[in-house]
Each structure stands twice: as structure tokens, then as C-alpha cells.
Amino acid sequence: MKIGIIVFPGSNCDKDVHHVLRHVLNADAEFIWHRRDNLNGYDAIILPGGFAYGDRLRAGVIAAFSPVMKEVKRLAGEGKPVLGVCNGFQILVESGLLPGALMKNNSLKFVCKWTSITVESNRTPFTHALRPKQEISIPVANQEGRYVADPKTLEMLEHNNQVVFRYHNDDPNGSANGIAGISNEEGNVVGMMPHPERASESILNPNGRDDAVMIFRSLLGYMEEQK
Amino acid sequence: MAKYLVSVIIENKPYINDPEGETILKDLIAKGGYTSVKSVRTAKMLSVTIEAVDGKDAEDTVRKLCDELRIYNPVVSNCKVEVIGTVQIKN
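Residue numbers (the numbering used here), protein chains in the order written: chain A, 7 to 233; chain B, 268 to 358.
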């Protein structure tokens, strides 16, 4: 069971994700350079945060055309778990794997702070070990994190239980319906703006919590069940 | 073949709020006393110089590449492509 962490030019959270998977959870995880065009042998894929291609034109749009994305789409189509965090979420949206778009925050500023989110759907591989409405302490760090979609798409997301995470009290981006993370219709592709890899060890959390590690634990549990 | 200057204007759709436009309106224009201005929307413009057989060819190619390569995000933006004119070829 192997998890691939895609590295684009400008990714900067790849090592944090790798650290959590390898050293906190003792899982098999490898870096994958974005030019690779074959992802055979990987059971799950994570697109980490950062600033791929310097966010030029729009966050995520250039990376969405990287050779590896054809393979990410193939694995997503096969039902394999795919998680995009922050810039990874932006890339998933730009590549059409998730609906909607991520716009500049209402504040127009880069927002970097601890916040909390609630689990809205636990039918995804990344949340099935969490309880609905469970609150998770987690930081955000983005400038283009305001989730938007047309009213029809929003209604569909709510109706199909595709809203995976919502900001708990304070929405740092100004997202529609307070959305912090969504999934595709099948539930295997998830994108989220907050950073679970920065909140998976209590020593990193100002409140001494490590509940975000359950997002990765959920994945490992799910992969174990699929064996 | 001639060189054409083509402008591409990428504007957010009306349902997308525009905090930058709102700030320009509220904190510069309204505070500066221009109370007759009711709305400002920001946009992005690309000036593209392209070789083409005629103006229509230039416009069609730019339109196609904007759609194909997601130069604009069709979920949130509209894209206007307009031929401004020919460009002198300098040697």
C-alpha cells in the first residue's frame, strides 16, 4: 500500500505530508515529480500545498496541465483516494476533478492562522474515521481560498453530501456556505484549504491537539479495508 | 501573414463578488467625492501579438487557445477576445 505525494515546481508542503505519513503514522509514502506519466502501483495520491508555478495566471492552473495530472485523473476515475490540500485543492479544481473555483480571499490578504473546521461528511476515505460535526483544530495559510460555485452547483454539493468540511465559527476566506473542503460525487477525491499535515502532532498545535491526524489515519484505515 | 494585436479581457461573472473593485469604489472613488460612480469591477487584460492570415484567423486562434488552455476559468469568468489591429513588423 503506497501513497504518492506529487511534487510540482513550487510545492512547499510535500515534506510535511511525507513526514506525517512516514514518521508519525509509519506509512509507505513517496514523492512523485510532476513530470512522471505513470502512476502504476500507487494506492492513493496527495497533492500538497505550496505555490506551484508561483501561482501565475491563477493558483493551480498551470500545474493542472502537468503530465502527472492525466494519471491522477485516471486513478481518481478508478476510485482511488486523491486528496488535495490548499494549492493541491486549487489544482484539483483547475483540472476539473472537483467543481467550483477558489478566488482571492474577501480580505484580499494572505491569511495564515489557526482555525477550526467541522466534519460535514464522513463518507470519504479521508473522513470515515471521524464523526459528523466533529470539530478539528487546524491552520489555514492561503490568499486564494475563497470557495465559490454557481448556485446550482452549491445546491448539488449540499444535496449530495459533497461538502466535507466547513469552517466552524470563523471563515477566514469568505467561502460560499463556509465551505473549507469538498469531494467529488463519488467521494474519493477530496480538496480542502486548511492544512492537516501542519496539525497532526500536538507539539505543533497551540491548543496541544492533534485531531487533524485522523484525516490521514482515515486514509490508512480505508486502504487497509480495500486490501 | 501579418501580425495582429488581440486583446483578451477576463472579467468575473456577475455572481462573483469583487473585493478589489469594491475597495477601489469605497476607499478611493467614493471617498474622493465621485459619488456618481455606482460600481467598479476589476478585470485582467492580456495583449496578445499573433501572426495570422487575417483578423478573423487571429481572433479565432486566440479564442481557441483561451478556451483550451484555461487562460480564464469558465466557472467564474467571462472572456472577451477582440482584434485591436495589425502590428508593424520590425526587422
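Where hints are given, some of them may not hold.
To be verified - No farther apart than 16 Å at their CA atoms in a straight line, the calculated lysine to aspartate or glutamate pairs in the EDC-like style are these:
1) B:270 <-> B:321
2) A:115 <-> B:326
3) A:110 <-> B:321
4) A:115 <-> B:287
5) A:110 <-> B:285
6) A:233 <-> A:61
7) A:115 <-> B:289
8) A:110 <-> B:278
9) B:347 <-> B:326
10) B:270 <-> B:335
11) B:280 <-> A:156
12) A:110 <-> B:289
What the hints assert, rightly or not - Covered stretches of chain B, as calculated for chain A (at least 3 residues, CB under 8 Å):
13) 283-291
14) 315-321
Stated by the list, open to error - Derived Cβ-Cβ restraints for the label pairs, each shown as a range:
15) A:119 <-> B:282: 22 to 30 Å
16) A:62 <-> B:355: 23 to 31 Å
17) B:302 <-> A:30: 51 to 59 Å
18) B:347 <-> A:137: 46 to 54 Å
Hint data in this document are derived by calculation from the structure and do not stem from the laboratory. Beta carbons: idealized from backbone N, C-alpha and C, even for Gly.
How the hints compare with the structure:
no. : hint                        : verdict
1   : B:270 <-> B:321             : holds (9 Å)
2   : A:115 <-> B:326             : violated (36 Å)
3   : A:110 <-> B:321             : violated (38 Å)
4   : A:115 <-> B:287             : holds (11 Å)
5   : A:110 <-> B:285             : holds (9 Å)
6   : A:233 <-> A:61              : violated (38 Å)
7   : A:115 <-> B:289             : holds (15 Å)
8   : A:110 <-> B:278             : holds (14 Å)
9   : B:347 <-> B:326             : holds (10 Å)
10  : B:270 <-> B:335             : violated (22 Å)
11  : B:280 <-> A:156             : holds (10 Å)
12  : A:110 <-> B:289             : holds (13 Å)
13  : 283-291                     : holds (count 5)
14  : 315-321                     : violated (count 0)
15  : A:119 <-> B:282: 22 to 30 Å : holds (28 Å)
16  : A:62 <-> B:355: 23 to 31 Å  : holds (29 Å)
17  : B:302 <-> A:30: 51 to 59 Å  : holds (58 Å)
18  : B:347 <-> A:137: 46 to 54 Å : holds (48 Å)
In the structure shown, a violation is registered for the earlier hints numbered 2, 3, 6, 10 and 14, in ascending order.
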